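K.L.:
So the sequence lines, in the order shown, correspond to chains V and U. Letter by letter, the first sequence follows residues 1 to 316 in my numbering. Letter by letter, the second sequence follows residues 1 to 280 in my numbering.
Hints may be right or wrong, so weigh each one.
[As the list claims (entries may be wrong)] Here are some, though not all, of the chain V residues that point toward chain U, as calculated from beta-carbon distances under 8 angstroms: (1) 60; (2) 86; (3) 301.
Hints in this document: simulated from the structure, not taken from any laboratory. Every value quoted in this text rests on a predicted model; they were computed, and no experiment measured them. From the three backbone atoms N, C-alpha and C, an ideal C-beta is built for every residue, glycine too.
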Amino acid sequence: MPTAPEPPPVVLIEGLTKRLRGVLAVDGLDLTVERGQVVGLAGPNGAGKSVTLKILLGLVRPTSGRVELFGEPARPGAPALARVGALVDGPGFVPHLSGRVNLRLACRLAHLGDAELERAVANARLGPAIDRQYRTYSHGMRYRLGLAQALLGQPELLILDEPTTGLDPAHIREIRHAIADAAAAGATVLFSSHVLREVEQVCTHAVVMQQGRLVGAGRVEDLVHMTDTVRLETDRPDDAAEVLRATDGITSVLVDDGAVEAQGPALRPGDLLLKLDAAGLAVQGFRRGRSLEEAYLELVGETAAESGPPEASPGP
Amino acid sequence: MIWVEFKKQWRRPRTVITFAALAVFSVVLTVAISATGSGTVERVGDVPLLIVPGTSGLSVPVIALSSTMKFFLPLAVAIFAGESVAGEAGWGSLRYALARPVSRAAYLATKLFVALVLSLVAIVLIPVAAVVAGTVAFGWHHLVIVNGAASTATHQVVANFSPGLVLGYLGVATAYVAAGMMSIFAFSFLLSTLTTRPFVAVAGGFGLTIVSRVFNSDYLPGVAVLNPYMPNNDVDLWQNFFVRPAVTSGMAHFLVLQVVYVVVFLGAAWIWFVRKDILT
Chain V
1 MPTAPEPPPV VLIEGLTKRL RGVLAVDGLD LTVERGQVVG LAGPNGAGKS
51 VTLKILLGLV RPTSGRVELF GEPARPGAPA LARVGALVDG PGFVPHLSGR
101 VNLRLACRLA HLGDAELERA VANARLGPAI DRQYRTYSHG MRYRLGLAQA
151 LLGQPELLIL DEPTTGLDPA HIREIRHAIA DAAAAGATVL FSSHVLREVE
201 QVCTHAVVMQ QGRLVGAGRV EDLVHMTDTV RLETDRPDDA AEVLRATDGI
251 TSVLVDDGAV EAQGPALRPG DLLLKLDAAG LAVQGFRRGR SLEEAYLELV
301 GETAAESGPP EASPGP
Chain U
1 MIWVEFKKQW RRPRTVITFA ALAVFSVVLT VAISATGSGT VERVGDVPLL
51 IVPGTSGLSV PVIALSSTMK FFLPLAVAIF AGESVAGEAG WGSLRYALAR
101 PVSRAAYLAT KLFVALVLSL VAIVLIPVAA VVAGTVAFGW HHLVIVNGAA
151 STATHQVVAN FSPGLVLGYL GVATAYVAAG MMSIFAFSFL LSTLTTRPFV
201 AVAGGFGLTI VSRVFNSDYL PGVAVLNPYM PNNDVDLWQN FFVRPAVTSG
251 MAHFLVLQVV YVVVFLGAAW IWFVRKDILT
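Can you build the whole structure from these sequences, using the hints too?
P.N.:
Listed below in structure tokens is the structure:
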């Protein structure tokens, strides 16, 4: 019995290059996003994340390379764009019309009915403000409306470029939940962020870009070495490091900033804790894996991280 | 898509204000004529055409069209054309309008059509409002044209047009003025695809009117050779309908010139826009 042909990946990028005003914004990028994945695109400012997403949306033409959406070439006006919802560079609406009228116009362009409009209005969660002029909206309200528009018609692929820029923690949480809900409903999500904590929290996969190139990609667990690294906090890190070095199955031990990071292929965290306890060392903090920020710093190097801060999380 | 574009534009404060200002202009002009100029002769434009305003309401649209065609109407047209694409870019909604299964050419054609309709409404609004306001103030009578060459107090009546004929002339004149605005329209529209700041497109389009006016043989006799190729200078030739004998020379040349400008500017806009990277 012949097997059904495998469906094409949702996003396929091969050897993508984009030259913008003489600068290589994207330089030989390869990236595949499969159905159902939630992919976080991380990297310092100017890494080419935003341009890559705009190429997928047909807003920017690639200089060279192959870019496909659902197996079709991504180009301006590509039919596959009907299956894509987007929030890029912040929301953009007609300022003198209300949120509801703006959504109605978007519905009309997408040939969606009143039921979908009502769903979007509910999604935006703006209350009575939905009938106020868009120009009167706060930053957070604009993002809510932008997200509601991106979710119109329940797109199969959601492309979000820096969807949390300048938002307060409560709004960031909303965006994160929206991404998780869309993913739970079966959507594939590709979003960029320079706030690594977000990428870590909601993504199944992460892609790290730097200067237009891909410097790391994979499952988030693999990137942060979830299975082979533990991080311990203790008031006597050097003593703890000594104990860990003498432990079987541990290949490297690092003391960093008052914390001890142990790595090994056959790591058993419970045993480690017992051992440290027996040595009279109190463990104040314990975590499996590194943070994505640490993995990221290793990938892009400290210099690049300095020139473009990877973590610029809002709030105190 | 066209319906959506109209919906975006027609309740814009800018659209409403422009239309209101054009309509109010005709009313203010009527009031001004009845207050000061009624019964005296009024020089219209550069051509030796003197009309007696108070005698017929139909004098008002002739004066209104003459006094708006070189400043107010080019500005209104530059606003509608210049705002069209750049305004959307300024709102930040252009990227969402284009990240859809719609061709750039179709989107541009929609924008062009809507801006064109708004511009034509603005142009037609002037004579229509002026006919209404003028008729209310001065009644529906024959339009008296006096000899413009004379500078004495006593003018010789050279023509006496029936209201129907004046309306016919006005219709053709309005169409001619509208056609004469198309170079400004197309240039503003081109700029609108180039910039993300609508003000630049509007100012640039209106700037072309000023350039056209500067390269006028009246101001700069040395560049008189360029005068026939200026995009907006000969927009006043319709006034020659009202002299006797009526003169139509130069009008065909001007209309052909408009076609050339429109093809060049809109062609450039299309070539640029379908290839443009939308980065903002």
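K.L.:
Sort out which numbered hints this structure fails and list those numbers smallest first.
P.N.:
3
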